[in-house]
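2 protein chains.
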Amino acid sequence: MKNSSYLYLQFADRIEKQIKSGVLNVGDKLPSIREVCAETGYSMSTVSKAYYEIESRSLIESRPQSGYYVSNISARTISEPSASSPILSSANIEREDLIDLVYGDMRAKDVTMLSLGFPSNELLPIAKLNKGMIQAMRQLPNSGTSYEEIQGNTNLRKEIARWSFTWGGALTEEDIITTPGCITAISHCLMTLTKPGDTIITESPVYFGVLQLAKSLGLYVMELPTNMTTGIELDALKKALSTKKVKACVLMSNFSNPSGSMMPNEHKIEVVRLMEFYNIPLIEDDIHGDLYFGSSRPTNCKTYDESGIVLCCSSVSKSLAPGYRVGWVSPGKFKKEILRTKLYHTISSPTITHEVVGDFLKNGRYENHLRKIRQILNHNCNNYINTVLESFPKGTKVSQPQGGFFLWVELDSKIDTADLYHLAMKHQISIAPGRIFSLQDQFSNCMRLSFGLPWTNELRQSIQTLGKLIS
Amino acid sequence: MKNSSYLYLQFADRIEKQIKSGVLNVGDKLPSIREVCAETGYSMSTVSKAYYEIESRSLIESRPQSGYYVSNISARTISEPSASSPILSSANIEREDLIDLVYGDMRAKDVTMLSLGFPSNELLPIAKLNKGMIQAMRQLPNSGTSYEEIQGNTNLRKEIARWSFTWGGALTEEDIITTPGCITAISHCLMTLTKPGDTIITESPVYFGVLQLAKSLGLYVMELPTNMTTGIELDALKKALSTKKVKACVLMSNFSNPSGSMMPNEHKIEVVRLMEFYNIPLIEDDIHGDLYFGSSRPTNCKTYDESGIVLCCSSVSKSLAPGYRVGWVSPGKFKKEILRTKLYHTISSPTITHEVVGDFLKNGRYENHLRKIRQILNHNCNNYINTVLESFPKGTKVSQPQGGFFLWVELDSKIDTADLYHLAMKHQISIAPGRIFSLQDQFSNCMRLSFGLPWTNELRQSIQTLGKLIS
Chain A
1 MKNSSYLYLQ FADRIEKQIK SGVLNVGDKL PSIREVCAET GYSMSTVSKA YYEIESRSLI
61 ESRPQSGYYV SNISARTISE PSASSPILSS ANIEREDLID LVYGDMRAKD VTMLSLGFPS
121 NELLPIAKLN KGMIQAMRQL PNSGTSYEEI QGNTNLRKEI ARWSFTWGGA LTEEDIITTP
181 GCITAISHCL MTLTKPGDTI ITESPVYFGV LQLAKSLGLY VMELPTNMTT GIELDALKKA
241 LSTKKVKACV LMSNFSNPSG SMMPNEHKIE VVRLMEFYNI PLIEDDIHGD LYFGSSRPTN
301 CKTYDESGIV LCCSSVSKSL APGYRVGWVS PGKFKKEILR TKLYHTISSP TITHEVVGDF
361 LKNGRYENHL RKIRQILNHN CNNYINTVLE SFPKGTKVSQ PQGGFFLWVE LDSKIDTADL
421 YHLAMKHQIS IAPGRIFSLQ DQFSNCMRLS FGLPWTNELR QSIQTLGKLI S
Chain Y
1 MKNSSYLYLQ FADRIEKQIK SGVLNVGDKL PSIREVCAET GYSMSTVSKA YYEIESRSLI
61 ESRPQSGYYV SNISARTISE PSASSPILSS ANIEREDLID LVYGDMRAKD VTMLSLGFPS
121 NELLPIAKLN KGMIQAMRQL PNSGTSYEEI QGNTNLRKEI ARWSFTWGGA LTEEDIITTP
181 GCITAISHCL MTLTKPGDTI ITESPVYFGV LQLAKSLGLY VMELPTNMTT GIELDALKKA
241 LSTKKVKACV LMSNFSNPSG SMMPNEHKIE VVRLMEFYNI PLIEDDIHGD LYFGSSRPTN
301 CKTYDESGIV LCCSSVSKSL APGYRVGWVS PGKFKKEILR TKLYHTISSP TITHEVVGDF
361 LKNGRYENHL RKIRQILNHN CNNYINTVLE SFPKGTKVSQ PQGGFFLWVE LDSKIDTADL
421 YHLAMKHQIS IAPGRIFSLQ DQFSNCMRLS FGLPWTNELR QSIQTLGKLI S
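For the record, the sequence lines run as chains A and Y.
First residue of the first sequence: 1, per full-length UniProt numbering; consecutive thereafter.
First residue of the second sequence: 1, per full-length UniProt numbering; consecutive thereafter.
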């Protein structure tokens, strides 16, 4: 990320040094962008990009109508949540009462939903999407009332393929199959690649939707030790793959749900190499990949996939319009089989919403929108971390995600976040207790907080209330 | 149907007698509606309903700008296709090359698609749906970009529940779960109720989509003997259920795909009784139920289901807008399990199109639209039957569906419709060969013709060409 061939990165690195060395202290106001331009001779664009970059490193924060200040995260030594060490066996899923509860809350009004992982309405470009909808009705044959072709809307597939350059891919429209959402893409992959009684590998903690899907398909899940910053541990992965009992692996290489971890490039490369070596397909969920806080789009495992062993799934449900049901999979060498599974279980995606998203991707609007949503999520994330550090008991550990929607918070081991969930709901606050992210008896002192809600005073108070409840 | 407490039915019965007894002969013009009113004192409405009823019995046909004529079907003794007698074992599915071919045609241009079972665009109320779309964008929170609640759009569920009165049901919105299309509803039911290696029962011939779904889920299919007029044979069903090897049954009680058969009410009642007795769930596909040619909506098996053993699936894909992906299931006592399967594999249906259809159902527009589409399908059906009888070799047997989209045609046993398929494609005509509707070596001299295309001279010529090719 710190490729100093760029002026703005050189400048950002310099400011970082000043902060780390104490030249700039917590709360100090940075010179305005104009002032820096006048002093240094850099362009406005270079300086704003540099400030944006430093902000994305959580070193400074912008205050509306005031300017940039050295953030208090910069000085604190934040404790990262511990790596997981689940028992290395595969467990079949028994309980989901807690999940039913958390999902049941979706309809509850007047509850601060720190539990749910999707963008708040304020973040969505609704007016532009509505325009797109009217245009799609005009453009599509029969206004989108007919079936699409089985593989999916051609415009959308072309744009997703074009978009793959952002993560170093070079897909064509033939490499994409659309689905009504990312979870349906993962479901189709699992249905195609496994049969009941098979075992799959996941991270731990892992998105509970994957656990539920596995249960529904009669699969055993082997959760592997996972580092909260760098993702699944490679030694454990290698060992598990070498047992030859595993039929597929499901991973989020970028801003994983719930831990927020991002696999370094070397890890991604090594994971792909291992999957190829053992000839076991990798189902990659890259749904958060576009929501990075850094200066450029991270790669994913598909970037390094030359043999077609990676099935990369994604959607716009986290970035654009969950209700449109627009997802896809880039199925590598399993295209024919996935296409049949789609035909058998889905036939066709919703024609009109897929056209709208294809069009939105085409005209650069998606890029503009992402720039905005990334900046907001980054701000929110910093504010959440600050408030958690201020109001939660000493010893609280917090992840420092470089993108996505989620903070992973680890409390004192005596605290049970399932109890906290019930307590917090009495104060109209919903959290996602850690134990729903594992089949094993783990993470009972952890919780996932979504920072997809817009940052307000009420939200700050909700987090402060959580802190008091924990104390 | 011939409930003579209605004036129009009394009058229709009288005309039927005149035709059957030879008072009216093939080609005779009937008096105009005005003339009949003047003669009989009946109202315009009574006489037109009577004529519509007689037409639905295939006894008369209307010619545009001319009037009603005694149809030549009325006089011919049409041979119904033979009942099926598959070997009573369960077979796992091996080949689908032919299906891939027929589906591959979907994109082909300039081909007369007698193979495909959905309404042609001319039959869809596209302008009205577009208006609904604009209204839905205004009405829905966030213009439909957000997730719905898991069970589905409340307005839509209310309207589907209200609509159940047409088939004698009394559902509430709590009895409905929406899905993105009917096949996804059936898929969710099968995933919930079966596991790989289980056996399900179907009619024979059976919609190939059900066979593909079964294959994808690792299920064995036991095809039962089926009468082309009255549907699955009850003795065979009873025998199969009593073996206790069966985990679910999938049936179309109305205008079955492909045979066109409709189970009489007594059969529907007996089927539900049997399923209850053996405690085996019935997945009913009632997608054609609203497309009847008679005077009233037929019941379905769900009508007679008091214990919740029937999961009734349907959609608007055959009647309103395939591309909208609006389907549903009324899951009876399996609601909790089906809801979980939906949550795991789909999460949420496309928000906006489900709202549009809910609204369309609410304002009586659906009823008006159905009246129109039913009349057109009925006309088409009669014209198809006439043309087949005129141009196909003697001995050809044709079903006489009372609704739906499909004619089932049985040719001389020496003819292979798979060969005919290839031959016809050279003349830009696509048919659905009979053998794709069974896992066994059956129906190779049969084919399914869809009468969803608008009736034109070109279409007549296509059917005549088919006749020549067969000769």
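Derived from the structure by calculation, the hints contain no laboratory data.
In this text the structure is predicted, and so the values were computed from the model without any measurement.
Among these hints, one or two may not hold up.
No distinction is drawn between identical chains; accordingly, a pair holds when it is met within one copy or between any pair of copies.
Quick list of in silico lysine-lysine cross-link-like pairs, DSS-like style, CA-CA up to 25 Å [what the hints assert, rightly or not]:
hint, residue 1, residue 2
1, K195, K336
2, K336, K158
3, K397, K239
4, K247, K195
5, K215, K109
6, K109, K158
7, K238, K426
8, K195, K215
9, K109, K245
10, K109, K336
11, K17, K128
12, K244, K414
13, K247, K128
14, K17, K158
15, K215, K247
- prompt: For the identical chains here, do K109 and K336 meet the 25 Å Cα criterion within one copy, between copies, both, or neither?
  reply: Answer is between: at 23 Å across copies they meet the 25 Å cutoff, but 44 Å inside does not.
Identical-chain pair category, K336 with K158, by Cα at 25 Å: Within. Shortest intra-copy distance 19 Å satisfies the 25 Å Cα cut-off; inter-copy 39 Å does not.
Check your understanding: When no copy is named, should K195 and K336 be tagged within, between, both, or neither for a Cα gap of at most 25 Å?
Key -> This pair counts as both: shortest intra-copy Cα distance 18 Å, inter-copy 24 Å.
- Please work out whether the CA atoms of K244 and K414 approach to 25 Å or closer within one copy, between two copies, in both situations, or in neither? neither (38 Å within a copy, 52 Å between copies)
Exercise for review: Measure nothing new, just compare the shortest in-copy and cross-copy C-alpha distances for K215 and K109 to 25 Å and report within, between, both or neither.
Suggested key: neither (30 Å within a copy, 43 Å between copies)
For K247 and K128, with the copy left unspecified, which applies at a CA distance of at most 25 Å: within, between, both, or neither? Cα proximity of K247 and K128: none, with 43 Å in one copy and 49 Å across.
request  = Tell me, please, which holds for K109 and K245 at an alpha-carbon limit of 25 Å: within, between, both or neither?
outcome  = neither (46 Å within a copy, 47 Å between copies)
**Study point:** Identical-chain pair category, K109 with K158, by Cα at 25 Å
**Key:** So K109 and K158 pass the 25 Å test across copies only (22 Å; inside, 40 Å).
Should K238 paired with K426 be assigned to within, between, both, or neither, using CA atoms and 25 Å as the limit?
neither (45 Å within a copy, 55 Å between copies)
Give the relationship of K215 and K247 under a CA distance limit of 25 Å: within one copy only, between copies only, both, or neither. Cα proximity of K215 and K247: in one copy and across copies (15 Å, 20 Å).
Requested in this report: Evaluate K17 and K128 at a C-alpha cut-off of 25 Å and name the case that applies: within, between, both or neither.
Outcome: So K17 and K128 fail the 25 Å test inside a copy (41 Å) and across (63 Å) alike.
Review point. For the identical chains here, do K17 and K158 meet the 25 Å Cα criterion within one copy, between copies, both, or neither?
Key: So K17 and K158 fail the 25 Å test inside a copy (43 Å) and across (63 Å) alike.
Of the numbered hints stated above, those contradicted by the structure are hints 3, 5, 7, 9, 11, 12, 13 and 14, listed in ascending order.
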